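**Student:** Below are the chains, spelled out letter by letter.
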Amino acid sequence: MRWLEKQRNIIDFTLSSLLRRKTKNIALMLVYTLVVFVLASVMFFAGAIKKEASIILRDSPEIIVQRMVAGRQELAPVGYMEVIKKIRGVQSVRGRLWGYYFEPVAGANFTLMVPEGGAEKGQIEVGKGILRSIRASEGDMLSLKSYNGDWVLLKIKGALSSESELVSSDLILISEEDFRRVFGISKEYFTDLTLHVHNSMELNTIAQKIQDLYPDTRPIVRDEILRTYDSIFNWRSGILLVIMSAAGLAFIIFAWDKASGLSAEEKKEIGILKAIGWETSDVIVMKFWEGTVISLSSFLAGIILAYFHVFFTSSTLFEPVLKGWSVLYPHFRLTPFIDEAQVMTLFFLTVLPYTVATIVPSWRAASVDPDSVMR
Amino acid sequence: MHGVDQMRKSSIYFIYLAVNLALVFLLSVHALFAVKYASSGLTLKAEMVKKLELTDLCLFTEARYTRSLSQTDFNTPFQDHPMSLEHFPSGSIVEPPAQLLRKGDRL
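Taken in sequence, the protein lines are chains A and B.
Numbering-wise (our numbering), the first sequence opens with residue 1 and increments by one.
Numbering-wise (our numbering), the second sequence opens with residue 1 and increments by one.
The shape of chain A in the complex, shown without the other chains (with noise of 0.2 Å):
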């Protein structure tokens, strides 16, 4: 009990000291609390769009085969189908039929797909990012032009649900006839192909059968799809924190400059303690305590902001830097996947170096006589 009276003592002490140099401390905090914030709101984001990335896309296509000429994507001919359907271990092949519209009025890119099991013929299914750029809704009529010039009408069947935006914002579920005369691609060929096989371990020797079939293909299997949202998000929260990380280092260097270069009237205060009886040791406990309550106050500020940002604002700061050129953007909230790991390396990554940073020059301080410093 006596040590934890000490101990509140010697906090009692440290916040008044503290509040004696009020502007700067409040500086230092706001200044910290925004480090921390930055970093955990990238982290945030970062971890939590990597998790829904991998759970949405598990069940995309097992192995998609895409055709290339002059190292650009080709139609498909529907002759591959039929060689590739008879190699050991596939169990299914189909055409996909799918591609990009850019939509002038909007300046917008849709994406068009013709769904499995077909859709009705001049009606569209649309994604929630398309109704709002172009300004429509449900029963409204969209006219694309095809690739001679002619327009085509198609009536808004229905909006795909708001719920999957992540996926199908930009979606137009489209008929089979409507795509081939908008596009003008005949029916010998597909935009690519997708392939179900029986064991998933096989999919690698699969891969390479079609390869060793047909060299100017380029299958991608689904581990590739997977991988490449991992590498991607770590790669521009990356960049990010390239950026960050200058702002980072400013904060250490006005960190560092606070901590290590002890001022004259703190050098004078670790003299008169000493004089009036305090230990060399209760010196270090209070710049301990001083260290803790700037780093703590302003880690548990940064981390509880970063969350509210992220998971309740949908990281409204972050929109412009993720929208880039988009016209069309889907509107989505988070899961809040969080990973624990990451808080506490922020955590020693934040907090220790700067108590650390504010202990070493006390330290030195307060083992030189008090006559001296005091003078």
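A hint or two may mislead.
In silico DSBU-like cross-links for lysine-lysine, where the CA-CA straight-line distance does not exceed 35 Å [said to hold, decoys possible]:
1. B:K51 <-> A:K145
2. A:K268 <-> A:K22
3. B:K50 <-> A:K145
4. A:K157 <-> B:K51
5. B:K51 <-> A:K121
Because the hints were derived from the structure by calculation, they are not lab data.
Fair warning: this is a prediction, and the values are worked out from it, not measured in the lab.
Chain B: place on chain A using the hints.
**Tutor:** Frame of chain A, contents of chain B only:
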């Protein structure tokens, strides 16, 4: 007000710390429930991906190789125009030149 004045500074700080820790705890509980609650939405999205054989998230619709990132090959970022090297990060980090933002000039 009088009570607060009489309160020890350490008590005020501990109250502040306790409020913060309580908030962190509440947010952890929120995350736990939100993940549970979101499972139906995630299933819906996963089913749509399976049914329509989708491959990508609709996050970056600015260009075809950013819309379908997983379908991109090594050549695509260099196809649109000579300035389009390394499009993936620039689309989200660097603002494109003003003339490229004109309607109709979009990639």
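**Student:** Next, verify each hint and record whether it holds.
**Tutor:** Hint by hint, here is what the structure shows:
Between the alpha carbons of B:K51 and A:K145 the distance comes to roughly 28 Å, so the proposed pair stays at or under 35 Å and holds. Between A:K268 and A:K22 the alpha-carbon distance is near 18 Å, which keeps this suggested pair within the 35 Å criterion. Note on B:K50 and A:K145: the hinted pairing holds, with a Cα-Cα distance of about 30 Å set against a maximum of 35 Å. With a C-alpha separation of about 19 Å, the suggested pair A:K157 and B:K51 falls inside the 35 Å cut-off, and the hint holds.
With a CA separation close to 19 Å, the supplied pair B:K51 and A:K121 stays within the 35 Å bound.
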